[in-house]
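Got chain A; can you put chain B on it based on the hints?
There are 2 protein chains.
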Amino acid sequence: MKQISAKDIKDLCCGAAFLATGGGGDPYVSQLAAERLLEKHGPANLMAPEEIPDDFNVVSIGMVGAPTVTLEQLPTEDEAVKAFDAYEQQTGRKIDAVIPFEVGGGNSTIPLTVAAVRGVPCIDGDGMGRALPEAQMMTFPLYGVKPTPAVLMDSWGNSAVLHCNDPLTFEKHIRAMAVAMGGMISSAEHGMTGKQASEAAVPKTISFATKLGQLLRNHNGSIDAIESELISLFANTQYGAVKRLYTGKVVDSERKIIGGYDVGSAALQSFDANLEPMTLLIKNEYLVAKVGDQVVASVPDLICIVEQETSRPLNAERMRYGQRVAVFGIGCTHHYRTEAALKVTSPRAFGFDMDYVALEDIR
Amino acid sequence: MKQISAKDIKDLCCGAAFLATGGGGDPYVSQLAAERLLEKHGPANLMAPEEIPDDFNVVSIGMVGAPTVTLEQLPTEDEAVKAFDAYEQQTGRKIDAVIPFEVGGGNSTIPLTVAAVRGVPCIDGDGMGRALPEAQMMTFPLYGVKPTPAVLMDSWGNSAVLHCNDPLTFEKHIRAMAVAMGGMISSAEHGMTGKQASEAAVPKTISFATKLGQLLRNHNGSIDAIESELISLFANTQYGAVKRLYTGKVVDSERKIIGGYDVGSAALQSFDANLEPMTLLIKNEYLVAKVGDQVVASVPDLICIVEQETSRPLNAERMRYGQRVAVFGIGCTHHYRTEAALKVTSPRAFGFDMDYVALEDIR
Chain A
1 MKQISAKDIK
11 DLCCGAAFLA
21 TGGGGDPYVS
31 QLAAERLLEK
41 HGPANLMAPE
51 EIPDDFNVVS
61 IGMVGAPTVT
71 LEQLPTEDEA
81 VKAFDAYEQQ
91 TGRKIDAVIP
101 FEVGGGNSTI
111 PLTVAAVRGV
121 PCIDGDGMGR
131 ALPEAQMMTF
141 PLYGVKPTPA
151 VLMDSWGNSA
161 VLHCNDPLTF
171 EKHIRAMAVA
181 MGGMISSAEH
191 GMTGKQASEA
201 AVPKTISFAT
211 KLGQLLRNHN
221 GSIDAIESEL
231 ISLFANTQYG
241 AVKRLYTGKV
251 VDSERKIIGG
261 YDVGSAALQS
271 FDANLEPMTL
281 LIKNEYLVAK
291 VGDQVVASVP
301 DLICIVEQET
311 SRPLNAERMR
321 YGQRVAVFGI
331 GCTHHYRTEA
341 ALKVTSPRAF
351 GFDMDYVALE
361 DIR
Chain B
1 MKQISAKDIK
11 DLCCGAAFLA
21 TGGGGDPYVS
31 QLAAERLLEK
41 HGPANLMAPE
51 EIPDDFNVVS
61 IGMVGAPTVT
71 LEQLPTEDEA
81 VKAFDAYEQQ
91 TGRKIDAVIP
101 FEVGGGNSTI
111 PLTVAAVRGV
121 PCIDGDGMGR
131 ALPEAQMMTF
141 PLYGVKPTPA
151 VLMDSWGNSA
161 VLHCNDPLTF
171 EKHIRAMAVA
181 MGGMISSAEH
191 GMTGKQASEA
201 AVPKTISFAT
211 KLGQLLRNHN
221 GSIDAIESEL
231 ISLFANTQYG
241 AVKRLYTGKV
251 VDSERKIIGG
261 YDVGSAALQS
271 FDANLEPMTL
281 LIKNEYLVAK
291 VGDQVVASVP
301 DLICIVEQET
311 SRPLNAERMR
321 YGQRVAVFGI
331 GCTHHYRTEA
341 ALKVTSPRAF
351 GFDMDYVALE
361 DIR
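Keeping their order, the protein sequence lines are chains A and B.
Per the working numbering: the first sequence = residues 1 to 363.
Per the working numbering: the second sequence = residues 1 to 363.
These are computed hints drawn from the structure, not numbers from a lab.
Keep in mind that a hint or two might mislead.
To be verified - One-sided excerpt, in silico: chain A residues whose CB lies under 7 Å from chain B: (1) K2; (2) Q73; (3) T76; (4) S155; (5) N158; (6) V161; (7) L162; (8) H163; (9) C164; (10) H173; (11) A176; (12) A180.
Remember, predicted model here, so these are calculated numbers, not experimental data.
The beta carbon of each residue, even a glycine, is placed where N, CA and C say it ideally should be.
Isolated chain A, as found in the complex (with noise of 0.2 Å):
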């Protein structure tokens, strides 16, 4: 089993960052409390799909809500251990290990937190490999997994257990939640089988973030010189092609915070002034990307953005005007490229009136 210490931690959210593909929460409040409790606790174990016992007890743990409100509402570092405490008492059984919803700003460390503060393994894997806004487009239940019972915990200690009978009202009943008790909290959820999180996670994409994390920091630099040290890093994961879809300045990028997400839209305009502008669609994350009326990419492909110069990943958030980025396009794993996902996840699962076309297809 390996470990994840507080050393890994600004590496693996880098690395998440980039994968959550815009959304996922802002990455620095996270990395600093992960840090600290990792320094304060030791560090996490880490346990690869393959290792899962059958019959563990594996829940999944992390926060829900608007993630534009972490940058001023600062989270609590006790809210997911008692959300954690507070599934285990609702459902009278030890979890075994616990797992992330997503890679994404907090939601890569805290499951990890949670497993270093009480003790258990954190599953090397996530329910998304990437970030995704809402929780029935989640791997979990597109392999059977029940997303309830949940326990909710906001910051102040009010809690909600919620009993839903699918996972559409699951999201309809925590979202409001999440609102309700002040735009975000942390949610123990999804409880399954070791045999089940085998299965449904996607796999590695924790030791995979650092990895990438530690590229992407180490160059600190143009993001042309690593281009291909990064394509080749993917090579050896279930994601699909990497291709560089665009490379430019924010010009426009406005947000806002409807019914506890960050919906808006971002425009780029290439340093090449034959090129048309590109647009981005947002609903916590980066869902489609345009040039001209081209779609180049779309959900639930991966639409990563990093600035230029350093190479660091740009969550939707910090999108400023003037920034300059390159726009990367990655293929989904194969959790995501049967029907019953795409049903949930493709762009008209979020009101576009587009179909989704892999990536690898496009022209």
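Showing chain B alone in chain A's frame:
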């Protein structure tokens, strides 16, 4: 111990609709459901507050949401019983008696049907002595009873268990869930000892509402003929003064569902052309009555409206242009005359820029 059987339900619903000051939900559907369930399961035992053993486990049960919703989305018969069962399961303790939130349409019969179905007594009293739109306005929290754990149940069997630090947070969270769960839900909440229930409950309101309904229904003619009988009926209760405030025709009535409430206003025009019109301000219940600019009654005092020619109570969502009505003001019970109670139930608590003046002190 008294009993309430199927044959009493029409009287109870009529009297409760009077005391509900326009809110509490439309009584018709819950009346039919209560008659059917009490015929099937036998009468409900009605326990007077002074009869409750001090160590009884008393839980308040009823529906929460926008009354308008019940006109179109009929409640299921077993939703409240499921909330009762889930509450027992959640707390690991048998419920000894149930108590209504309020005397209002469905909320006075639902606890009786749960009592009959589950074979426990229903307390002859309630947490308002009227209807009011928010949880922190109940007498229970005003007497120190904690609102949670609360178990919420919707028509499809989805549930939520809330734990909140204070009554205002509880109101915020349960309201969000009521909206997310379809607009109207059942809730088991405000668990208390028998001793607490006997202090906090507005006493004898279920049997009183039944007597009141008997008077109004047996008469079934102009309210003028029984006004003195109505007033003397109130004389033997904890309510204050009873005054006829206005008689006239509904000339305007508008209501919107905002945030899970029915919010709006209505205007009445007197048959006496010299009298200025009456304006009613509504949030689920009739909260403020003005004649011209002069406030003639305000919450927490009761504003009760009957159809002039039939003496039948008129709830807010049934108010239509052209109806001829009589408006009564009734002084609230001592539970709402304290500073702490007025802080959460006076007109200012509803956003109206006016102080409460006791009905007895107006004019």
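Results of checking the hints against the structure:
Checking K2/A against chain B: minimum C-beta separation of about 37 Å lies over 7 Å; hint violated. Checking Q73/A against chain B by beta carbon gives a least distance of about 16 Å; that is not within 7 Å, so the hint is violated. Annotation: T76/A was flagged as interfacial toward chain B, and the flag is violated, the nearest CB pair being 14 Å apart, outside 7 Å. About 11 Å separates the beta-carbon of S155/A from the nearest beta-carbon of chain B, more than 7 Å, and the hint is not met.
At its closest, the beta carbon of N158/A sits 5 Å from a beta carbon of chain B; the interface hint therefore holds under the 7 Å criterion. A hinted interface residue such as V161/A counts as satisfied when its beta carbon comes closer than 7 Å to some beta carbon of chain B; here the least separation is about 4 Å, so the hint holds. Of the supplied interface hints, the one on L162/A holds, with its beta-carbon coming within about 5 Å of a beta-carbon of chain B, less than 7 Å. For H163/A, the suggested interface contact is upheld, since its CB lies about 5 Å from the closest CB of chain B, less than 7 Å.
Taken as an interface hint, C164/A checks out: its beta carbon lies about 5 Å from the nearest beta carbon of chain B, inside 7 Å. Interface hint at H173/A: satisfied, since its Cβ lies 5 Å from the closest Cβ of chain B, which is below the 7 Å cut-off. Taken as an interface hint, A176/A checks out: its beta carbon lies about 3 Å from the nearest beta carbon of chain B, inside 7 Å. A distance limit of 7 Å between C-beta atoms decides the matter here; for A180/A the minimum to chain B is near 3 Å, and the interface restraint holds.
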